[in-house]
Amino acid sequence: MQTGTKYLLLALLASCLLLFFGADRLRRAASFSSPKAEAPGRWPRWADGSLLQSFAGAGELEGDGAAPSPSPKARRAARLGTHQRRRCRMETCFDRSRCEQHGFKVFVYPREAGVPVSDAYLNILASIEESGYRTADAGAACLFVLGIDTLDRDRLSARYVPGVGEKLRASALWNGGRNHLIFTLYSGTWPDYAEELGFDSGQAMLARASARAETFRPGFDVSLPLFPAEHPRKGGEPGCLRQRALPPRKKYLLVFKGKRYLTGIGSGTRNALRRLHDGKDVVSLTSCRHGRGWQRRKDARCDRDHADYEKFDYQELLRNSTFCLIPRGRRLGSFRFLEALQAACVPVVLSDGWELPFSEVLDWGKAAVVASERLLLQVPSAVRRVGPERLLALQQQTQLLWDAYFSSVDKIVRTTLEIIRDRLSPHRSRARFFWNALPGGLLALPDFSTRPGDFPFYYLQQGSSPSDKFTALVRASCAGVPPSPPLLGLLQAVSASRHCAQILVLWSCETPPPRGQWPRSTVPVSVIPGGTEPSDRFFPYAEIRTDAVLSLDEHAGLSTSEVDFAFAAWRSFPERIVGFPARRHFWDAERQRWGCSAERSNELSIVLPAAAFYHRYYHSLFVRSVPAGPRGLLGGGGACEDVLLNLLVAAATKLPPVKVARRREPEQPGDQPPQDCLDRLAAWLGHMPLVPSQLRLDPVLFKDPVSILRKKYRRLETP
Amino acid sequence: MCASAKYNTRGPALIPRMKTKHRIYYITLFSIVLLGLIATGMFQFWPHSIESSSDWTVEKRSVHDVPVVRLPADSPIPERGDLSCRMHTCFDVYRCGFNPKNKIKVYIYSLKKYVDEYGTLVSNTISREYNELLTAISDSDFYTDDVHRACLFVPSIDVLNQNTLRIKETAQALAQLSRWDRGTNHLLFNMLPGGPPDYNTALDVPRDRALLAGGGFSTWTYRQGYDVSIPVYSPLSGEVDLPERGPGPRRFFILSSQMALHPEYRSELEALQAENGESVLILDKCTNLSDGIPAVRKRCHKNQVFDYPQVLQEATFCVVLRGARLGQAVLSDVLQAGCVPVIIADSYILPFSEVLDWKRASVVIPEEKMPEMYSILQSVSQRQIEEMQRQARWFWEAYFRSMKAIALATLQIINDRIYPYAAISYEEWNDPPAVKSSFQCSQSFLDLGAWKKWSSVSNPLFLPLIPPQSQGFTAIVLTYDRVESLFRVITEVSKVPSLSKLLVVWNNQNKNPPEDSLWPKIRVPLKVVRTAENKLSNRFFPYDEIETEAVLAIDDDIIMLTSDELQFGYEVWREFPDRLVGYPGRLHLWDHEMNKWKYESEWTNEVSMVLTGAAFYHKYFNYLYTYKMPGDIKNWVDAHMNCEDIAMNFLVANVTGKSVIKVTPRKKFKCPECTAIDGLSLDQTHMVERSECINKFASVFGTMPLKVVEHRADPVLYKDDFPEKLKSFPNIGSL
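Chains G and F supply the protein sequences, listed in that same order. Residues 0 to 718 in numbering that gives the first Met the number 0 are what the first sequence lists, from first letter to last. Residues 0 to 734 in numbering that gives the first Met the number 0 are what the second sequence lists, from first letter to last.
No lab work stands behind these hints: they were computed from the structure. Misleading hints may appear alongside valid ones.
[As the list claims (entries may be wrong)] Straight-line alpha carbon distances no greater than 20 Å define the calculated DMTMM-like cross-link-like pairs of lysine to aspartate or glutamate that follow:
#1 G:711 / F:599
#2 F:100 / G:388
#3 F:297 / G:61
#4 G:249 / F:546
#5 G:250 / G:213
#6 F:726 / G:598
#7 F:724 / G:664
#8 F:297 / G:59
#9 F:284 / G:467
#10 F:718 / G:666
#11 F:718 / G:61
#12 G:702 / F:601
#13 G:72 / F:366
#14 G:702 / F:371
#15 F:112 / G:47
#16 G:72 / F:371
#17 F:368 / G:129
#18 F:657 / G:388
#19 G:233 / G:118
#20 F:666 / G:118
#21 F:111 / G:47
#22 F:726 / G:467
#23 F:706 / G:446
#24 G:250 / F:546
#25 F:718 / G:716
#26 G:250 / F:543
#27 G:72 / F:197
#28 F:368 / G:446
#29 F:718 / G:703
#30 G:72 / F:637
#31 F:726 / G:666
#32 F:657 / G:467
#33 F:627 / F:543
#34 F:297 / F:274
#35 F:284 / G:59
#36 F:718 / G:467
#37 G:711 / F:543
#38 G:365 / F:599
#39 G:702 / F:269
#40 F:666 / G:666
Make a model of the complete structure from these sequences and hints.
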């Protein structure tokens, strides 16, 4: 090649490079300097930007202008008249004053003889009955629930109850629907499925499934999930997530199997669903074979689609898919929403304008993907890009919500009632945080506290830890007025712990012990009369101000080392019961019932509060749960209350209790709960929450071949 | 930017090879090339100077010089806002499209001056705040100057304050915007809605389908999921610097600082004061201030004068009562002062209520219950007050302090509705950043554009699940060339009933693993993975071959663990699947003399780490170790061939906030500190190196995540007086 050519080529190259790097800048510079002032670009920096006036003068912000505003009282009164029906809110359609005197009490209308009521509605009424809010006195009621079955308001349905409106108007309590709560699962009918109920609900609150955002009255209505007639009343099945695989993807990415509507409302989305089917990891199957006369309207695809449809099993798809499409049906909500939630198949909701269940308190963004019906075809690629961390969190959250609010009618009803109750006293209600974190809003009682740090469940999320003091609560029997030697010895040992803030003695004798008879110590000892009832031990005494409670029986016989070590272990597991006497539950297949064994064994699932640490919150939880529950069941003496505490804690935490080391296991196992206690409690709860554990916590150097002097908890080992 | 430097070095290197006679040409030629490139580099290097100079030429215009648009009297007026609008009915999502960054594109109309037929101005051109708001949007990632690609349109017509505009004409101005299309995908910002006498709670300007970011919505005008409720900006936020006040007692329990309270409210407040004395302070306008003092900055009670907003910091609770409007600018001042707002405004939609959990930062009291305010507030515990104060201040810093914060939070909320797959979580919106973190507290993710540390942990395995025993575990043995020892480990581990697969990670690139026939015959599948490089982090790679949740990491020389011990370890892991469950325990200590962390392997009463030479953990942590390890820790470990186990301990503790579980009594390990590479002995240098690792990791994590505990896990009947043959795990600790 000639040098000249090279020269030229190089020069060309240089100019190309120059153009490549510089052109863009040059072009921009040029465009800026052009006289065209309307060039696109950033929002201008105005020369006089700093001289601009504020949007409102200080006086204007403070005083809202000069005009006198109407009196607040007059404004509130005027609002009552105008903001009705579609515009109902708690301020205008609910009489809060009814709830002040007697608290949150629910009155259920007596059922009319001869009028059939569906099982689902009977379950709802039974759940209200057991909620602890039920009152038989209509005068004391804050909230009224109808005895007429209003679940199915589809005029074409066999379960439609006619004549509701007349009956309500005839009722003396109806009062235009004020303070009433009406449960509805289906409203409207073919062809438009509008939200009509077939009667005038007046000022009543509606707890309804398939609620539409446009007509939903925020802060007044409650959006329910659609649940099947056979939904269990209590207990309910656990979620299906058993393991957290990595990557958290299952066999299929996205599935749907269901009806395709050939015409009518909801058919748009359902018709488009089959387009997603790729035969690989996106399975979307539709069938038009449903309803009467489908053959008349069937189109070319029906038969081909149906062949595919038959190839897959719905349950199998549900269990093996990462995401599940939840398109609207005729109505906005569908059964498959709860089914997917239970199956840990992350719901991809395609139901524009659906007010999701309990949306007032639940953060669905953590458990579901709310997509747009209009962007249906983008769904597969969008969900494909969800990363493993978020996916794992979504899957776990579906289980959390399923188990906390949806697995039984009882939970659905109680969630509805608690949401309404929280509205009545906003300053004493649960923040959204409580509803969306374990163990869920139903188990975080706002009467106890509204601060997360006061509960045993949230220390880690809050980055805090429980206080390093405990209150010992000793139940003393009435053996003699001078305190018995074992009791004195126990008090001595416990008060020697530097973590002990105070000792409370539950004293069941009539005469209080003389002051001088308690051991001398720096720890204050106070006597609380009571202790005659076994459940007195779990009363939330105002005197208990530490997070930790050390619950003791007179004969617990602990040493200071044992107490100190158990407390250190409890601080690591503040949501559990951490203690010494352990029991094991088992299923007695022969007698078909739950049994409880006190024998020494390799497993444990109960730690009795005869010598155990637990969080003081459990006293409040116990008292709140028991009046609604097995008051009659608890009788018969023994330690059934102690077992109940274990069940309540296990139901809240889903975790076993912790047993800690002690110097010598006592020969006598102590109080034995009545034979059928566990069985009755499990029946009352609807399930058996206890979880077995195979371990015991010991000090790090426990019984290791190293000098005793190096060990911190020496008294645990000295013979 | 670096282009010029790069080409500079390449140029001269070629020259010596050229023929002498052409040399001059080449020198000239290269000089030209060089000059060109340098010039290019300059352009690259000084982009700002170019832009700012063009700013200077074009953008330094006055707001009064903008084009004038005359609105004929009969120009169309949009329909009134439609109360039933929701995202799926009134918003055109197709405009936003499928976007890999999951960011909506926002276009801002250029500024115009609108006059009516007679040439009278329709409104003030633009306020300082609205200019700040538009500037913030324009500077953000949301902005686009391409009207065709935009998903959201923001008019430059300033409607922040309804009092300053003529309603009909403003509506006409909106309607003639080039992309108005019935207001679809248009976003209006309004802070002071309504006018006398009844003060509507939403902007009265007819706006058809436009979204409204409004301050002062009531539950009747707010279209949930469509509108955005925003704060009423307080200009004092920018003027007054109130440093955050720490916890501790404050002078007043309840304070009311609003000047234009309705007499009815004022008398109720005064009744409260009469009842509860000095702890309640009701302030009012100052009547006789000397000239020159702005009335806004003073409040009076009888003859006492207080500085505003400083006085707010003297109170625990500050009353925010509704005025004629529901939204009050005082809310912003109160939050800034870290005073807990007591909101008394029935039906008010609190700012950003779609994402902010106001119950954590405020007390809401129904208007009717005002007389009970004192007792209600007294039931709030001191600790809760402190948390609320911190939360209130954080809300101000993140979402109230500037028009920028307000604008970006609004756009983010709309963004999250359109890209729900990538929405910001509750925690990211609500949890204040860690006090200990080195980031500026004043920055939320909106400002930062990146994730930051939170004081709280969010455990990725938060659901309490006990994995089914039948799943078993996968043992991973990292080995280099100690074949004999490796085979013994394989034989021993294979005796554990719950072992489901054994994976040997062959880290030696120079030597092939032994032939298939030489490996021990075991009852479970055995797979050998060969690695590309001899790195310690290969041990923690989330291999596809691992099909179980549980992983047992075991060194190729750990032969002293019995089958009972390993099986028991697995059972313990099932009860604590989100923790490291291991055998040899270690401790970190603070060395007061050296003022740094120290590694401890002696017989201690505490543990904070377990060695991964023998430990169970969840496979998810392999994923975290490989892909999410902060800073340069992973490379550092590979380069130093040490401390991978300490790094794993840090990682797990940091993400879960939980301690390790040490199982079973201490054993004499043949070589307790063995790592995969050949026998580093337990000598002084080794300990020093391990200590250094702890210090290094603590600085990268910005905290010491390890938790110290005093317990270990043993079988329930360990060393109990009980027949050995009835124990599930009799063979423990015997050596």
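Comparing the hints with the structure gives:
1. Distance restraint check for residue 711 (chain G) and residue 599 (chain F): the Cα-Cα separation of roughly 17 Å lies within the 20 Å cut-off, and the hinted pair is therefore satisfied.
2. Restraint check for residue 100 (chain F) and residue 388 (chain G): the C-alpha separation of about 18 Å stays at or below 20 Å, so the hint holds.
3. Distance check on the hinted pair: residue 297 (chain F) and residue 61 (chain G) sit about 13 Å apart at the alpha-carbon level, within 20 Å; holds.
4. With a C-alpha separation of about 12 Å, the suggested pairing of residue 249 (chain G) with residue 546 (chain F) holds against the 20 Å cut-off.
5. The suggested pairing of residue 250 (chain G) with residue 213 (chain G) is violated, with an alpha-carbon distance near 38 Å, which exceeds 20 Å.
6. A distance of roughly 13 Å separates the Cα atoms of residue 726 (chain F) and residue 598 (chain G); the hinted pair therefore holds under the 20 Å criterion.
7. As the CA atoms of residue 724 (chain F) and residue 664 (chain G) are separated by approximately 19 Å, the hinted pair is consistent with the 20 Å bound.
8. A distance of roughly 16 Å separates the Cα atoms of residue 297 (chain F) and residue 59 (chain G); the hinted pair therefore holds under the 20 Å criterion.
9. Between residue 284 (chain F) and residue 467 (chain G) the CA atoms are separated by roughly 49 Å; this puts the pair beyond 20 Å, and the hint is violated.
10. With a CA separation close to 16 Å, the supplied pair residue 718 (chain F) and residue 666 (chain G) stays within the 20 Å bound.
11. Under the criterion of a C-alpha separation no larger than 20 Å, the hint pairing residue 718 (chain F) with residue 61 (chain G) is inconsistent with the structure, at around 75 Å.
12. Straight-line distance between C-alpha atoms of residue 702 (chain G) and residue 601 (chain F) comes to about 16 Å, which keeps the hinted pair within the 20 Å bound.
13. For the suggested pair residue 72 (chain G) and residue 366 (chain F), the alpha carbons sit about 9 Å apart, so the restraint of at most 20 Å is met.
14. A hinted pair counts as satisfied when its Cα atoms are at most 20 Å apart, and residue 702 (chain G) with residue 371 (chain F) does not qualify at roughly 60 Å.
15. For the proposed pair residue 112 (chain F) and residue 47 (chain G), the alpha carbon gap of about 15 Å is at most 20 Å, so the pair holds.
16. The suggested pairing of residue 72 (chain G) with residue 371 (chain F) holds, with an alpha-carbon distance near 17 Å, which does not exceed 20 Å.
17. Distance restraint check for residue 368 (chain F) and residue 129 (chain G): the Cα-Cα separation of roughly 31 Å exceeds the 20 Å cut-off, and the hinted pair is therefore not satisfied.
18. Distance hint between residue 657 (chain F) and residue 388 (chain G) is fulfilled; the C-alpha atoms sit about 19 Å from each other, no more than 20 Å.
19. Between residue 233 (chain G) and residue 118 (chain G) the CA atoms are separated by roughly 13 Å; this keeps the pair inside 20 Å, and the hint holds.
20. Proposed proximity of residue 666 (chain F) and residue 118 (chain G) is contradicted: the alpha carbons are some 62 Å apart, above 20 Å.
21. At roughly 16 Å between alpha-carbon atoms, residue 111 (chain F) and residue 47 (chain G) fall within 20 Å of each other, so this suggested pair holds.
22. Note on residue 726 (chain F) and residue 467 (chain G): the hinted pairing is violated, with a Cα-Cα distance of about 35 Å set against a maximum of 20 Å.
23. Simply put, residue 706 (chain F) and residue 446 (chain G) have alpha-carbon atoms about 33 Å apart, too far for the 20 Å limit, and the pair is violated.
24. With a C-alpha separation of about 14 Å, the suggested pair residue 250 (chain G) and residue 546 (chain F) falls inside the 20 Å cut-off, and the hint holds.
25. Of the supplied pair hints, the one linking residue 718 (chain F) and residue 716 (chain G) holds, its CA atoms being roughly 11 Å apart against a limit of 20 Å.
26. Simply put, residue 250 (chain G) and residue 543 (chain F) have alpha-carbon atoms about 15 Å apart, close enough for the 20 Å limit, and the pair holds.
27. Distance restraint check for residue 72 (chain G) and residue 197 (chain F): the Cα-Cα separation of roughly 14 Å lies within the 20 Å cut-off, and the hinted pair is therefore satisfied.
28. Restraint check for residue 368 (chain F) and residue 446 (chain G): the C-alpha separation of about 19 Å stays at or below 20 Å, so the hint holds.
29. Using a Cα cut-off of 20 Å, the hinted pair residue 718 (chain F) and residue 703 (chain G) holds, with the two alpha carbons roughly 11 Å apart.
30. About 72 Å separates the Cα atoms of residue 72 (chain G) and residue 637 (chain F), which puts this hinted pair outside 20 Å; it is violated.
31. For the given pair, residue 726 (chain F) sits about 18 Å from residue 666 (chain G) by alpha-carbon distance, which is consistent with the 20 Å threshold.
32. Taken as a hint, the residue 657 (chain F) and residue 467 (chain G) pair is honoured in the structure, with Cα atoms around 18 Å apart against an allowance of 20 Å.
33. At roughly 18 Å between alpha-carbon atoms, residue 627 (chain F) and residue 543 (chain F) fall within 20 Å of each other, so this suggested pair holds.
34. A hinted pair counts as satisfied when its Cα atoms are at most 20 Å apart, and residue 297 (chain F) with residue 274 (chain F) does not qualify at roughly 26 Å.
35. Distance hint between residue 284 (chain F) and residue 59 (chain G) is fulfilled; the C-alpha atoms sit about 14 Å from each other, no more than 20 Å.
36. Between residue 718 (chain F) and residue 467 (chain G) the CA atoms are separated by roughly 30 Å; this puts the pair beyond 20 Å, and the hint is violated.
37. A threshold of 20 Å between alpha carbons decides the hint, and for residue 711 (chain G) with residue 543 (chain F) the separation of about 45 Å lies outside it, so the pair is violated.
38. This hinted pair does not check out: residue 365 (chain G) and residue 599 (chain F) have alpha carbons roughly 41 Å apart, beyond 20 Å.
39. A distance of roughly 69 Å separates the Cα atoms of residue 702 (chain G) and residue 269 (chain F); the hinted pair therefore is violated under the 20 Å criterion.
40. About 31 Å separates the Cα atoms of residue 666 (chain F) and residue 666 (chain G), which puts this hinted pair outside 20 Å; it is violated.
Hints 5, 9, 11, 14, 17, 20, 22, 23, 30, 34, 36, 37, 38, 39 and 40 from the earlier list are contradicted by this structure; the remaining hints agree with it.
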